[in-house]
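Line by line, the protein sequences are chains A and B. Following the working numbering, the numbering of the first sequence begins with 1 at its first residue and continues without gaps. Following the working numbering, the numbering of the second sequence begins with 761 at its first residue and continues without gaps.
The calculated DSS-like cross-link candidates involving lysine-lysine, where the alpha carbons are at most 27 Å apart (straight line), are: (1) A:670 with A:687; (2) A:547 with B:1299; (3) B:1516 with B:1447; (4) A:419 with A:630; (5) A:432 with A:392; (6) B:1367 with A:547; (7) B:1307 with A:547; (8) A:607 with B:1307; (9) B:1192 with B:1516; (10) B:1179 with B:1390; (11) A:539 with B:1307; (12) A:756 with A:294; (13) B:1299 with A:539; (14) A:628 with A:670.
Please keep in mind that the hints were generated in silico from the structure rather than gathered at the bench.
This is what each chain is made of:
Protein chains: 2
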Amino acid sequence: MEVGRAYTRVDAADKVTGRARYTDDLHDGPMLVAKILHSTIANGWVKSIDTAAARALPGVVKVLTCFDAPQIQYPTPGHPWSTDPGHQDVADRLLLTRRVRIYGDDIAVVVAEDEVTARRALKLIRVEYESCPVMLEPEQAMEPGAVPIHEEHPDNILKRTETVVGQPDEALSDPALLHFEGHYQTQQVQHCHIENPISYAYMEHGRITVVTSTQIPHIVRRVIGQALGIGWGQIRVIKPYIGGGFGNKQEVLYEPLNAWLTTQVGGRCVKLDVSREETFQNTRSRHPIRFDIKAAVSSQGRIMARECVAISNQGGYASHGHAIVANAVNGFRQTYPDAVGHRSVAYTVYTNRPAPGAMRGYGIPQCDFAGECLMEDIAREMNWDPYQFRLKNIMPLGYVDPTNGITCYSTALARCMEKGRDFIRWDELRAKYQNQTGPVRRGVGMAVFSYKTGVYPISLETASARIVLNQDGTVQLQLGATEIGQGGDTVFCQMAAQAIGLPTERVNIVSTQDTDTAPFDTGAYASRQTYVTGKAIKKAGELFREKVLSYAREMLPQAGELDLRAGEIVDGGSGESLLTLEELAMEAFYSLEHSVHITAEVTNHCKENTFAFGCCFAEVEVDIPVGKVKVLRIVNVHDSGRLINPKLAEAQVHGGMSMGIGYALSEEMKFDPATGRLLNGNLLDYKLPTAMDHPELTALFVEDEDPSGPFGNKALGEPPAIPVAPAIRNAVLHATGVAVNTLPLSPQRLVEEFRKGGLI
Amino acid sequence: MEVGRAYTRVDAADKVTGRARYTDDLHDGPMLVAKILHSTIANGWVKSIDTAAARALPGVVKVLTCFDAPQIQYPTPGHPWSTDPGHQDVADRLLLTRRVRIYGDDIAVVVAEDEVTARRALKLIRVEYESCPVMLEPEQAMEPGAVPIHEEHPDNILKRTETVVGQPDEALSDPALLHFEGHYQTQQVQHCHIENPISYAYMEHGRITVVTSTQIPHIVRRVIGQALGIGWGQIRVIKPYIGGGFGNKQEVLYEPLNAWLTTQVGGRCVKLDVSREETFQNTRSRHPIRFDIKAAVSSQGRIMARECVAISNQGGYASHGHAIVANAVNGFRQTYPDAVGHRSVAYTVYTNRPAPGAMRGYGIPQCDFAGECLMEDIAREMNWDPYQFRLKNIMPLGYVDPTNGITCYSTALARCMEKGRDFIRWDELRAKYQNQTGPVRRGVGMAVFSYKTGVYPISLETASARIVLNQDGTVQLQLGATEIGQGGDTVFCQMAAQAIGLPTERVNIVSTQDTDTAPFDTGAYASRQTYVTGKAIKKAGELFREKVLSYAREMLPQAGELDLRAGEIVDGGSGESLLTLEELAMEAFYSLEHSVHITAEVTNHCKENTFAFGCCFAEVEVDIPVGKVKVLRIVNVHDSGRLINPKLAEAQVHGGMSMGIGYALSEEMKFDPATGRLLNGNLLDYKLPTAMDHPELTALFVEDEDPSGPFGNKALGEPPAIPVAPAIRNAVLHATGVAVNTLPLSPQRLVEEFRKGGLI
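The following block holds chain A by itself, in its conformation from the complex (with noise of 0.2 Å):
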């Protein structure tokens, strides 16, 4: 089996040997190197820019403003495209803008011979603006009265939604059961990819290539058309290597900026990367999301109603627009089905802010929290042990979403608790620290989630793959799906070679996209890639071995059924090797009586989802005078359906609880509420934590085999990151007693609130 076995990385070595180029280690020759002017007002307009002295100096190319972009609304998110007018993206960016949104806006560009007259000329540019009062949180930009952001929404709301499933009024209302209510909020945060955003650009034939740091080429290209108003076809993009995206990359981010440079210096080609500060900045970030819930439970236990209303804080821009937060909104609902209903109002509002957009596990870490402390804060006051309470309520195996249609087919998530359970030894330890004084004190905690595989049936799911033959009976895999540092190259691998019938070792990745000859593939987001492209991979590695067992039948008449097996065409019956793969591509390149070059390609329309499960389990130590959170022990458990490559599968599970520790404990994004200024746009002050931060990390999986999967496997790109923080909170709760409902549980924050609930 090629599948489940624990390959090692295809790229590791050149990795760790720092041979594997990235966007920047590419030079096409000289470059011309473009730097952004951003606007030092949050809110405004620009009333004129002066850049006659900018364009006087030496080596100064080309300085460009908002007054000469095009002005082409287009949309930035990584979703595939909708022929549907109604469900397409929010088309509400320039690539330069008078209409300054967030302090450090786009308003203009220089391009210059080199980075140090880019930088020198930018400060010799003079800008005039009319400002207005910044709005930094939804409340404010939600007040009758308040200057519209974007004037299509002139209340500041980008979307209100509301849903409603069965009858939650009815339960809400029923004196016969307990009611609760919770307010939780979350924070915004970076994704803090190691690769700041890169691209380069020129022309060639007339058209334009743009190298660029990307999860979705194919996207990209897309985006880059609509926002030059051009045809999609005259656009390619490449994608090398990325140091890492998380989500943010799944936005069509400096591209199209790019692309429209090139075209001003006559296809020259220009650089255009941004620094730690701009990628802060100027890109995405994480939602923060505010949710307020009531809920009904019976005397039983059983969740009965509840009601969600969630407030996101969208920024200065619509970027994936309503999409997150409604996903948050029905993540909430999802994990726990309510006996008699349910209701969700969920709102996007603009407001002065960088505009946060997707990032790993997309509104989940958000709804998660809310819903795993307010599952512990009940089950805590109806003195339900949290284990039982959620083992309870869970989403049992058939039940079938109301919503979307997508069916529950495991009941591994209660066998994923169970083990999380034995690995912390949860009731000796829930036991233990029942009654405890003194300034350290120690609990555990622990949360549950679940999550969709892919985006069908809210969106379109689709995707290629192509395999090419070569002399030696090795192949090339190529792809439009991404590989971000996940490691999908190397699954990639493994699952073409079990379809085929070959050992992984003689299956070439290729690992570029070029959007002119790479397959169709809408690209890495939604943890869909295994999923969904793994199915046109099983599908194109089966057409692909049809190929080859039908000219094995040419050269072998007289043999009886045959099969292709470790890279042998074996007889089917007896297994004995009757051909090596390397025998019959030879005859098939080079026979004078047949040539032909055998490769596949497919397509795979996938109209399937299948939910993943997984829980978190955290032992703490709270230093209590101090806020200070020692995660002592931390255990995720996962399932995601059988594991294409279990060490792979181990390491992604770490970097999600690496980054969902630093989303309990360290992180968030701070703002002059004055002038909108981030504070803390860098890797000093924002407190991203680092290995000497964690205690060890321990990743567990339940491996059922999930029946719509390619291989039996479904999503785990992003859940890892999900149940860490409400763990962590809940943990904490249970060492010190005091509830604290807003991330992250930074020591200034704790300190508050110990001396809110008198502990200090």
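Dock chain B against the given chain A, drawing on the hints supplied.
For chain B alone, kept in the frame of chain A given last:
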């Protein structure tokens, strides 16, 4: 019609603006530089090499010698691989050699951090040799007792073949016939492409990537595999634009050495480019061939039989082996079928010259010189008009070549001759220049030729093509066939457009071949691509069209017969437009019902061939005392079937004519007979003609549709170079009465010949 349009080259703007990127324009980060140490003897052995001083030089990364290199002998010519060992190329090369066979042979290599260091290190290497006498001519090498240049061939004859058609001796000994003898000698010339051979190599995923200026990327891949003894799929070859090849880059030159070097420095990127001097000395050239001919002709002017003995000077390495002289003697016979019989005897002889290989025409310019001199000399002696004498003897319609079965489908050669005769005013000038005196005289001469299209049935002809639909109704055309300056990419686009039913503007060529993803094709040689690859493009276009129409039928279930014309789905009967290809593409990509990414990939195994024809007429003025020939007017007339792009066809002919003029008048590689050192291996001393040396070049065509060609087309790439030298030689003969039988007609040679002829 897209085929037949004078469509502007797709790469025109990029090339004239300098934006087109060649191998040396592509820099993937810092590169190591390799420089080769060449022997200072022409024949002998390396006894020892002392590299200590070179290795000690700071910045030197590696010094490798012939004592370190793998001892795997490999072949270098760009022939399709044969699974028949008897038909495989001669494997007589090592990456670095102890046995020195030419002056400047490759005996060691330095890899350094930069070029200056590499060159300094070369000078620090000390070599001890054991020398043998230098043999530059076949006559020397064939002498009894001569040192074998390759042990496998003690007599230095790589191969001798004799081919008899009919009963040549019957006519050659018939006293009733007229008998003639001729002795003709061609010289060694070099391709002189602008871009010297260059490559760089690095490792990725444990595989070797070589970016190289080649005509034959898929063959380079194979030969590297052979030379290094590794699976061919473990190598990836990328071919960017190249600055000319003319057959020299139909050879695998330094790519295997470059590939090996990167494996010796841990996969770091190593660049290996060679100087103009090395290009002359160490890469290929055109074979000097001596032809000794007997002919028997009837008194009615019918060629009854000929015998052609050809001795080809192969230099130190086999390269294309016996194939070129075999092609030459075959070509000698082919144009004028002998009534009674023909004998050809061909020798390929190793000498200590730089090894010749493929060069535009592949032996045919040599044999056409011999053959067309002979025809002229016979006509002159028999008092026939040389035009009429040729006309009487040329291949008739329906003629089937007795050795390869290729059929003559066209009578256009006679019409080409007529067109050329009219252009030059043959009859008028032949008469006018009849009896000249004085030091400056004029003459007109002519020559004709026939030429095969591709290599079938001698070798395999196979090519694949892939077409990819974009959302805007444009497509990418991806091929393994290569643009080498000839305009291939442009005519490929026209062919695809024609086959699909699209305007050519909507076809984007993928100009760079990457063997990991490009369809297989053996590459640019033998004037095969528009014919063999053209058939693959036609088939792929038709399959693509069928897939599009099949999707159209899903979208338009009520419609009648559908057709695709000029990028629109139309009613097959009325021609009414029903849908644009863009609309169809958008639906196919993004349909929620049936999403499919339309692509088509097809192999064409070509089992056909056809003759192309043409002729050259030249008017010259000869300044007898100084031996100077001035070409006053010159015209080539070609039957290459239907022209895909008349403008590019004209340009192709101009280039060939220029090459022919240099071959006729000035070009020759000259050697020091004592040391074997090349004396004029640079563009100052080697007299390549320039535009200043040319009259207006006229290209005319007779466009007969070829029944076997994909679009009625056949060979055009090489033919233009063929008939020019004999036409000029025959014009000089007409002007002066002196028959010069050795090329080139340089002033030195002409003065000598005119002295012998008593003119001075």
